[in-house]
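Now for the letters of each chain:
Protein chains: 2
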Amino acid sequence: MKSDLQSSTARPPRELCPVAYQDFVSSEPFHLELGGVLPGLTLRYETYGTLLPDKSNAVLVPHALSGDHHVAGKYTPQDVKSGWWDVFVGPGKAIDTDRFFVIGINCIGGCRGSTGPLSIDPRTGQPFGGFFPEITLSDIVRAQRLVIQHLGIKKLHAVVGGSMGGMQSLLWCADYPADVGRIAILAAGLSQSPMAIALNAVSRACVESDPNYRGGHYKPGEGPDTGLSVGRMLAHISYLSSAAFDQKFGRVRVDGAKPGEPVYWQVESYLHHQGAAFVKRFDANSWLRITRAVDRFDLTARAAAGKLFQPNGPDVLAVSFSSDWLYPVNEMRMLVAAATAVGVNATYHEVITDAGHDGFLLPDTGLSVRLHAFLG
Amino acid sequence: MKSDLQSSTARPPRELCPVAYQDFVSSEPFHLELGGVLPGLTLRYETYGTLLPDKSNAVLVPHALSGDHHVAGKYTPQDVKSGWWDVFVGPGKAIDTDRFFVIGINCIGGCRGSTGPLSIDPRTGQPFGGFFPEITLSDIVRAQRLVIQHLGIKKLHAVVGGSMGGMQSLLWCADYPADVGRIAILAAGLSQSPMAIALNAVSRACVESDPNYRGGHYKPGEGPDTGLSVGRMLAHISYLSSAAFDQKFGRVRVDGAKPGEPVYWQVESYLHHQGAAFVKRFDANSWLRITRAVDRFDLTARAAAGKLFQPNGPDVLAVSFSSDWLYPVNEMRMLVAAATAVGVNATYHEVITDAGHDGFLLPDTGLSVRLHAFLG
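For the record, the sequence lines run as chains A and B.
For the first sequence, the residue numbers in my numbering are 1 to 376.
For the second sequence, the residue numbers in my numbering are 1 to 376.
In case anyone wonders, no lab produced these hints; they're calculated from the structure.
The structure presented is a predicted model; accordingly, all values stated were derived computationally and were not measured.
Hints are supplied without guarantee of correctness; some may be wrong.
To be verified - Cβ pair distances, simulated, as ranges:
hint, chain 1, residue 1, chain 2, residue 2, range
1, A, Gln-247, B, Gly-256, 42 to 48 angstroms
2, B, Gly-256, A, Pro-177, 33 to 39 angstroms
3, A, Thr-124, B, Gly-256, 28 to 34 angstroms
4, A, Asp-246, B, Pro-262, 33 to 39 angstroms
Just so you know, even glycine gets a beta-carbon here, dropped at the ideal spot from N, CA and C.
Please put together the full structure from these sequences, using the hints given.
Structure, rendered in structure tokens:
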């Protein structure tokens with residue numbers, strides 16, 4: 001894939017390969033915002049590029065709901081897929097790993113290496129499973145900060161995140177304004193809207209109504225795959241736009257499908273495929289914990305009280321995507337207005353695209369140029 | 001409830017009570033568009049008002065996906081609810097039953113009295129259940145026409161429908177243009193869009209993945225209630241708008257709910273309630289048959305070929321609702337452009353509302369005045 005920046009840069013982009021993950025491990029109890037305690041923490045992370053001796057060039061890229069620490073590059077040349085934001089992160093790319101030290105960290109509550117429901121609870125010797133406590137995005141960010149401190153980084157050059165990652169950018173600004181120079185928020189808003197909660201609620205109901213869910217107390221490999229798959233199908237719809245559905249699938253039928261068959265339309269086939277692929281890499285209890293954490297995200301009161309953006313706080317780049325109906329453009333405009341009102345250097349940009357919410361993942365929207373300029 | 005028309009009318013609206021349904025029964029085989037055959041037909045219908053001796057004042061109101069023949073009035077004064085469009089249909093209302101003879105008919109494939117999956121297949125003595133054949137909206141309209149002919153009506157004064165009912169209005173225009181004087185299409189379009197198909201597909205996946213579904217071959221009372229409930233929760237989201245969710249629910253929590261409980265947000269509680277209420281009155285096999293029929297709806301090719309609207313065909317009133325993201329306004333504009341292009345007397349009106357797709361069910365949007373004027 002080529003980013004829109006690449007045609008205007010002198011250095012052709014090169015592939016990050018091999019990359020490798022590392023684990024940060026702490027045996028200290030980690031106290032959660034809602035009252036739970038994790039007896040210890042493992043945080044899986046990857047880095048790309050070289051940290052300068054003064055450690056001033058670190059860029060954290062928090063991931064979205066179903067993402068992970070594998071932001072860019074390949075583990076081996078044989079890997080079919082690169083990291084989830086490889087289009088933007090790499091040598092010569094918008095977030096240029098020839099200049100920046102880029103960090104991806106799997107969030108707590110996740111299922112890709114960091115402490116989450118699949119992890120062993122050392123107190124019982126069993127996976128946390130349904131007993132994994134409730135988390136917030138503030139918890140996720142506070143845990144990230146342990147890795148940043150572990151790396152000896154006192155101040156991040158930037159935090160750049162899309163969707164749930166953008167919410168984390170905002171929480172860095174809210175909770176640790178002195179620790180970050182600039183934040184980019186892509187395809188997110190000041191809060192999770194009631195309709196976005198509704199969509200997550202139905203997605204959770206799909207999981208919770210699967211008989212294999214058993215209140216979260218399923219055995220590994222015997223979980224509510226069907227419910228999680230259907231829940232993911234729904235979530236996937238919200239990441240696209242009506243125009244994107246028109247362009248990708250139209251009203252085209254599956255070859256040979258007969259009326260009444262469960263998979264009749266191309267779009268139906270695509271969604272079933274997405275759902276089936278998702279359950280191979282995601283855990284249902286993680287899905288519930290993380291969607292609930294996202295639903296709790298609400299910085300509107302703090303923004304109104306002047307406790308989110310402050311004159312000496314991080315610079316802000318907010319980018320919306322015109323056809324994103326999950327996090328509509330007006331929420332981001334309000335966010336930038338709130339930042340600007342208190343003297344923050346804040347910029348709003350609306351990408352005109354039919355791609356919907358997933359627009360932040362795609363090349364050729366003009367986002368690369370904006371991000372590159374913002375990072376300085 | 002008061003409609004916006006009522007303040008400007010000389011006759012105060014009166015309640016239709018009691019109303020009663022009737023059954024049209026045919027023992028003739030009914031051949032379906034996709035090849036199936038129903039060995040006979042029962043069509044449950046209701047009428048309100050008085051048919052003129054020349055039978056010129058009949059207005060058919062086809063229902064939406066989950067509606068039925070009970071359009072207006074109450075069966076007994078003790079009924080808590082009136083028919084689903086009572087705000088618009090009754091003496092002194094927009095569709096004035098002092099002047100018009102209004103007809104509501106439960107669609108075939110439904111579960112409210114007309115021949116559908118819950119009906120007994122006379123060939124087996126058992127309910128059709130999962131063996132009920134696939135239907136189309138054209139089949140539904142063709143069956144309606146049998147009732148209209150049974151009532152001795154040669155030409156309907158009007159067909160007025162919202163959502164799936166609006167698609168049926170269009171099919172009357174397409175298939176029987178000489179049989180109807182005018183059609184009103186509310187909150188619909190020329191076709192079911194790929195994203196609308198996607199939403200129905202996930203809703204169906206909810207049903208089909210419920211272990212009680214058994215390929216449709218469940219016993220009455222032992223059906224996939226959980227899956228149908230969750231599928232309906234999803235559908236319900238698509239009937240509202242983000243602004244409507246903000247206004248109705250905001251980010252308000254259920255009193256006393258603890259983080260991690262399955263029903264934590266007011267909006268979550270509302271959706272669960274809607275789902276649970278729905279399964280008490282609807283059959284899962286009907287849901288599958290009717291959503292698939294809606295997904296098949298596509299008159300774009302016929303419109304382009306000049307075989308939908310014709311110069312001497314019915315007058316057209318098309319009404320969109322500004323926040324309806326299921327059937328967006330641009331589709332209706334195209335529809336009216338197609339009608340106007342061939343000389344049809346066609347009017348487009350956009351109701352500015354936060355109510356979303358369900359706007360056509362609500363009073364006080366200005367729709368009453370438009371409908372009243374259109375019916376003449």
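Right, here's what the structure says about each hint:
no.	hint	verdict
1	Gln-247/A - Gly-256/B: 42 to 48 angstroms	holds, 46 angstroms
2	Gly-256/B - Pro-177/A: 33 to 39 angstroms	holds, 35 angstroms
3	Thr-124/A - Gly-256/B: 28 to 34 angstroms	holds, 29 angstroms
4	Asp-246/A - Pro-262/B: 33 to 39 angstroms	holds, 35 angstroms
Hint check: no violations occur; every hint is consistent with the structure.
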